[in-house]
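Enquirer: Spelled out from the first residue to the last, the chains are:
There are 2 protein chains.
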Amino acid sequence: MVPHLTTSLAGPLQEIERIVLEQRPEIERWFRTQCLEHEVPFYSSVDLRNSGFKLAPVDTNLFPGGFNNLNPDFMPLCVHAAMSAVQKICPDTRRFMLVPENHTRNLHYLQNVAVLKRILEGAGLTVRIGSLIPDLAGPTELETSGGEKLVIEPIVRRGNRVGLEGFDPCAVLLNNDLSAGIPQILSGIEQAVVPPLMAGWTTRRKSHHFHVYDRIAEQFAKLVGIDPWLINPAFSQCGKVNFADQEGEDCLAANVEYVLGEVREKYAQYGIKEQPFAIVKADAGTYGMGIMTVKSVDDVRNLNRKTRNKMSTIKEGQPVHEVIIQEGVYTFENVEGAVAEPVVYMVDQFVVGGFYRVHNARGIDENLNSPGAQFKPLAFETDCHSPDCGGNPGDPPNRFYTYGVIARLAMLAAAVEVEELVAETDALEVKAANA
Amino acid sequence: MVPHLTTSLAGPLQEIERIVLEQRPEIERWFRTQCLEHEVPFYSSVDLRNSGFKLAPVDTNLFPGGFNNLNPDFMPLCVHAAMSAVQKICPDTRRFMLVPENHTRNLHYLQNVAVLKRILEGAGLTVRIGSLIPDLAGPTELETSGGEKLVIEPIVRRGNRVGLEGFDPCAVLLNNDLSAGIPQILSGIEQAVVPPLMAGWTTRRKSHHFHVYDRIAEQFAKLVGIDPWLINPAFSQCGKVNFADQEGEDCLAANVEYVLGEVREKYAQYGIKEQPFAIVKADAGTYGMGIMTVKSVDDVRNLNRKTRNKMSTIKEGQPVHEVIIQEGVYTFENVEGAVAEPVVYMVDQFVVGGFYRVHNARGIDENLNSPGAQFKPLAFETDCHSPDCGGNPGDPPNRFYTYGVIARLAMLAAAVEVEELVAETDALEVKAANA
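In order, the protein sequences belong to chains A and B.
The first sequence begins at 71 in our numbering and counts up one residue at a time.
The second sequence begins at 71 in our numbering and counts up one residue at a time.
Next comes chain A alone, as it looks inside the complex (with noise of 0.2 Å):
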């Protein structure tokens, strides 16, 4: 089953999906040159917006936590990616300690846990799950939402090494995306961390993703002929907002105005009928927390206390100061009358799949991975690496491997993103040891 995209205005997606088609040994060419030049995420994932006038990723997992959604025939896939990103990143490795999110009792994440443990194991590593729930006892066994058993043990740092008992681990995998800060366990131990801590929510942040993003999508966009905009939201920031204490607002709304004032602007230039709108949710942070959907500069003045404090603290919760103001994607996808929005997954350079959100409840102007947003997901049938170049724009595997192309496009920013981060660090280390 294959969502429907019911639009009017599909004229200049199908003329994107046209394009990725046409120049594909270009495209092809590009990220593989693309991919040397910068080390690529262990794995991510995108979620991207289809409007049919516009397909452009709005969010960028670097730790990905739905495996269990993919079609389980391509496993071997992921097994192969999973190969490739170990032999790139630590060849030397027979031992990887996951270190997963704490929140045991999603089961559904536990299965994602158990597959993401199953992927690795199948690139031959031996995997154990070390926790960082405070606290934990021993050894403890949980059950997955499949039924599979999953022991999760409490991380031990012996010096300047972290292990398990009786398990000392080559290098250490994130699928936690340090939302409660960098875990002092963690910290300045030998081993290698991948994705680097530096990648977590402490200190990422969203707004400097599409920052690089928006260089990537211009060099795409230029490689290949097309206006930036089709596959890149505009946005902007704020960076000192209290929605508690009513802080920041007139920066907000300044900021609202001119991110609507960008959509508008191109609306009319493209004829689009829709009525603009902007998402604006915390800088650093995940889960859908801390979102709301804004149509006009007056959504976000004089807020109510209930909005106020659904986006004053996010995951963990950490309160919310900075915030990015992101163009809204309309989703025009669906699945018997739900609102279906894809979602792609990488391992290493390599699309591996992905799944749509099913959402029966949710507009198509809202966020559709939210705290309670029980979405049904739905596996791509098709690989997005296997258009059928002779077949029709729109149909599955070609939609599928454009959704890989601009997905793919996200994965580069956030190789970049990461490079400047680690820099950044470590120019902050040398100041330090200097001092």
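A hint or two may mislead.
What the hints assert, rightly or not - In silico DSS-like pairs for lysine-lysine, Cα to Cα no more than 30 Å straight-line:
#, chain 1, residue 1, chain 2, residue 2
1, A, Lys292, A, Lys343
2, A, Lys446, A, Lys365
3, B, Lys158, A, Lys292
4, B, Lys292, B, Lys380
5, B, Lys336, B, Lys292
6, B, Lys292, B, Lys310
7, A, Lys158, B, Lys158
8, A, Lys310, A, Lys292
9, A, Lys158, B, Lys292
Treat the hints as calculated values from the structure; they're not laboratory data.
Chain A is already provided as a structure; the job is to place chain B on it using the hints.
Expert: Relative to the frame of chain A, chain B by itself:
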């Protein structure tokens, strides 16, 4: 459907499988580091023999011609692996010229070319087919066994570049084993030729391959703690044989005796009651031409005219002067009573599938890849990277994983072998330049 292994002597093989599964992290780590040290072939296929007490490669092909026999479900695996291979060898490439064998009447082979073309296109390349057929008038359409159309075109040389009419490729992918010699038109061109020209049968020798494999098998056996003989066929060689003129018979007899002696000793050590045998085959060549089974020295004394004729020339009418005498490994796998031999396919460092050659009319001590050997291909039903470590040795995913490991050993040997061939050629060129 999976072949049955019918032998009372499966003990040692179950032991190899058990060891391979147990030591998988160590094995995969070893392969990772080996693959970083050596440039692995773009693609390769390895013929294995499984006698239950021994599992060994008997032939390694650098121009595999059976991609059409792989499980179509694993095409995305082939595409990922090809992306990886292209990235390593020629990242800046957009256009490949594929150079196939000249036998245009083998419709199954043409189907292989069609599948290979699709895999390369899946990796994002523009692919056209350049033929070495002399006096090919112009673009010629052929139909494959799968009913696909394939256009072959005459190769055009312009200075130090080759191409087709209106097509300037960045690299040449050979699917032609150069049994007829290194074609003048491809000599000294500035484009990358993959695999290098000296990997063709003009310069390649089976005995060289198995000399290198000796070292690799030794290392691997030491790593996992097994007798290397369990994965390595004994062999010897004769350099001055002329079957037509009955020359070199003594050399051949002495080496047959040597190989059979080695095997006898090992059979005694392991309590194997089967009769040792050896395979005599052309040291340079393929397609199972110039091959005979011998069980005693008498079998190579006083050869009759028919056998001498059979042995004296191989593909493209090349005379045979060098032979390899290789320990025969019994084939104890069968499907519904027919003998089944596994062939493992690799692209880059990845096992992308495999199939069995299933043959009704052949014996367990004969070569199944020979002219007129109308084998029925039986695709592996699972990939070779997903063993079920909870299962038993002999379960299909585990048996296939073990096949993949042994095949990768042969692939590594081919990598080292080609490195040595290239170094030799470079040294010769230096000498020529100095002269």
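Enquirer: Does each hint hold? Answer for all of them.
Expert: Here's how the hints hold up against the structure:
Restraint check for A:Lys292 and A:Lys343: satisfied, since their Cα atoms lie roughly 27 Å apart, inside the 30 Å limit. Pair hint A:Lys446 plus A:Lys365 holds up; C-alpha atoms about 28 Å apart against a cutoff of 30 Å. Of the supplied pair hints, the one linking B:Lys158 and A:Lys292 holds, its CA atoms being roughly 26 Å apart against a limit of 30 Å. With a CA separation close to 40 Å, the supplied pair B:Lys292 and B:Lys380 exceeds the 30 Å bound.
Distance check on the hinted pair: B:Lys336 and B:Lys292 sit about 18 Å apart at the alpha-carbon level, within 30 Å; holds. Of the supplied pair hints, the one linking B:Lys292 and B:Lys310 is violated, its CA atoms being roughly 35 Å apart against a limit of 30 Å. Our distance criterion of 30 Å between C-alpha atoms is met by A:Lys158 and B:Lys158, whose separation comes to about 12 Å. For the proposed pair A:Lys310 and A:Lys292, the alpha carbon gap of about 35 Å is over 30 Å, so the pair is violated.
Taken as a hint, the A:Lys158 and B:Lys292 pair is honoured in the structure, with Cα atoms around 26 Å apart against an allowance of 30 Å.
Violated hints for the displayed structure, listed by number in ascending order: 4, 6 and 8.
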